[in-house]
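*Asks:* Next come the chains, spelled out residue by residue.
2 protein chains.
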Amino acid sequence: MKRKEEIIRRAVEVFEQKGVSGSSFEDIAEAVGIKREGLYYYFRDRAAILVEITLEPSRNLLKGLQDILETNQSSEAKLRLALENHLDRFDPNYLEMAVALREHHIYETNEEMEILRQVWKQYSDLWIKLIREGQASGSFQSSQNPKLVAYGVLGMCNWLSRWYDPGKDIPVTEVIDTYFSMILNGISR
Amino acid sequence: MKRKEEIIRRAVEVFEQKGVSGSSFEDIAEAVGIKREGLYYYFRDRAAILVEITLEPSRNLLKGLQDILETNQSSEAKLRLALENHLDRFDPNYLEMAVALREHHIYETNEEMEILRQVWKQYSDLWIKLIREGQASGSFQSSQNPKLVAYGVLGMCNWLSRWYDPGKDIPVTEVIDTYFSMILNGISR
Chain H
186 MKRKEEIIRR
196 AVEVFEQKGV
206 SGSSFEDIAE
216 AVGIKREGLY
226 YYFRDRAAIL
236 VEITLEPSRN
246 LLKGLQDILE
256 TNQSSEAKLR
266 LALENHLDRF
276 DPNYLEMAVA
286 LREHHIYETN
296 EEMEILRQVW
306 KQYSDLWIKL
316 IREGQASGSF
326 QSSQNPKLVA
336 YGVLGMCNWL
346 SRWYDPGKDI
356 PVTEVIDTYF
366 SMILNGISR
Chain V
186 MKRKEEIIRR
196 AVEVFEQKGV
206 SGSSFEDIAE
216 AVGIKREGLY
226 YYFRDRAAIL
236 VEITLEPSRN
246 LLKGLQDILE
256 TNQSSEAKLR
266 LALENHLDRF
276 DPNYLEMAVA
286 LREHHIYETN
296 EEMEILRQVW
306 KQYSDLWIKL
316 IREGQASGSF
326 QSSQNPKLVA
336 YGVLGMCNWL
346 SRWYDPGKDI
356 PVTEVIDTYF
366 SMILNGISR
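Taken in sequence, the protein lines are chains H and V. Per the working numbering, the first sequence starts with residue 186, numbered consecutively. Per the working numbering, the second sequence starts with residue 186, numbered consecutively.
FYI, nobody ran anything at the bench for these hints, they're computed from the structure. Incorrect hints may have been included.
Any copy will do: because identical chains look the same in the list, a pair fits if it lies in one copy or spans two.
To be verified - Heads up, simulated DSS-like pairs for lysine-lysine below, C-alpha to C-alpha not over 25 Å straight-line:
(1) K314 <-> K353
(2) K306 <-> K248
(3) K332 <-> K314
(4) K306 <-> K353
Construct all of the structure, not just a fragment, from the sequences and the given hints.
*Replies:* Here you go:
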């Protein structure tokens with residue numbers, strides 16, 4: 186499977202450099218240094234490569250959140266851990282996740298992506314559950330729509346894929362601290 | 186210019202249905218009911234159509250925020266108005282803005298989009314300014330990085346393009362109320 190891993194690594198680089206819509210199957214073959222026909226041995230098309238890139242980190246993200254929700258901690262503590270679970274992945278898996286999030290739309294007409302979309306659906310449903318539990322236990326305000334809150338938090342976090350560069354920007358730990366305090370207590374003094 | 190407007194309207198429909206990366210110049214010509222050559226009379230390529238679609242609403246968004254920042258109100262009031270300015274546009278201009286935001290990445294390798302990117306840069310810089318002024322006046326907590334806060338807010342709002350359907354979902358006014366209260370005071374009870 187070493188060859189397949191190398192293809193994935195090169196594909197991520199190509200997608201990052203040229204964007205998914207600007208990268209052809211041929212570009213990836215060329216970057217790997219094999220012929221188009223050789224690449225077909227491993228992947229049917231560009232979309233299959235994208236699924237391979239994004240499915241594992243997405244499943245890890247989901248698994249991480251599931252584990253957090255199964256613990257016996259306060260909702261505040263779970264929120265903090267859930268933010269860490271989400272945002273820490275921008276560090277080691279930055280490239281993959283950035284590609285996955287930025288190029289999200291390409292999946293919309295592609296049936297093969299259904300499994301990936303289901304993972305994401307489960308993931309955002311778990312976020313709604315986290316908020317709902319916090320409201321039920323009296324930790325969070327119950328007047329706010331849990332779906333709106335959850336999607337607001339996911340929006341804050343996922344938007345990092347549009348502007349955040351872990352090498353140059355603010356450390357991830359500061360992002361986590363700030364977003365945790367913002368979400369919990371707001372920005373008002 | 187009526188013909189040009191019709192092309193834009195059809196192009197938005199095509200982009201919405203098939204996604205930008207799945208829509209060709211020919212698809213748009215076909216939807217308008219003219220030949221590819223006829224479409225060239227109005228637009229050089231697909232990217233030129235996208236600029237035409239997104240530039241005006243983006244400039245309106247920027248102008249709206251500039252006007253708000255020039256008033257003499259409290260930072261809380263400006264935050265509220267800035268959210269309204271941003272989110273109200275999901276209603277009448279939903280299609281255009283959804284296309285613009287979702288397909289953002291396509292601009293990244295296209296030089297023609299530079300002008301649009303500058304409008305967006307000015308817009309997010311103004312958001313940072315709004316937060317910074319609120320911190321300076323003592324309305325907002327000064328311990329939070331203004332850029333992180335501003336991008337967090339923009340992330341919450343822009344993420345709507347991924348999930349929000351103004352026809353079926355929660356009313357925009359509720360989104361504005363909830364996000365305003367979340368940003369200002371958080372979700373903690």
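*Asks:* Decide, hint by hint, whether the structure agrees.
*Replies:* The hints, checked one at a time:
For the homomeric pair K314 and K353, the shortest alpha-carbon distance between copies (21 Å) is at most 25 Å, but the shortest distance inside one copy (34 Å) is not. Proximity of K306 and K248 under a CA criterion of 25 Å is satisfied intra-copy only: 13 Å inside one chain copy versus 36 Å between copies. Taking the closest pair of Cα atoms, K332 and K314 come within 25 Å of each other only inside a single copy of the chain (9 Å); across copies the shortest separation is 29 Å, beyond that limit. For the identical chains of this complex, K306 and K353 are inter-copy neighbours only, at 18 Å across copies versus 31 Å inside a copy, given an alpha-carbon limit of 25 Å.
Of the numbered hints listed earlier, not one is contradicted by the structure.
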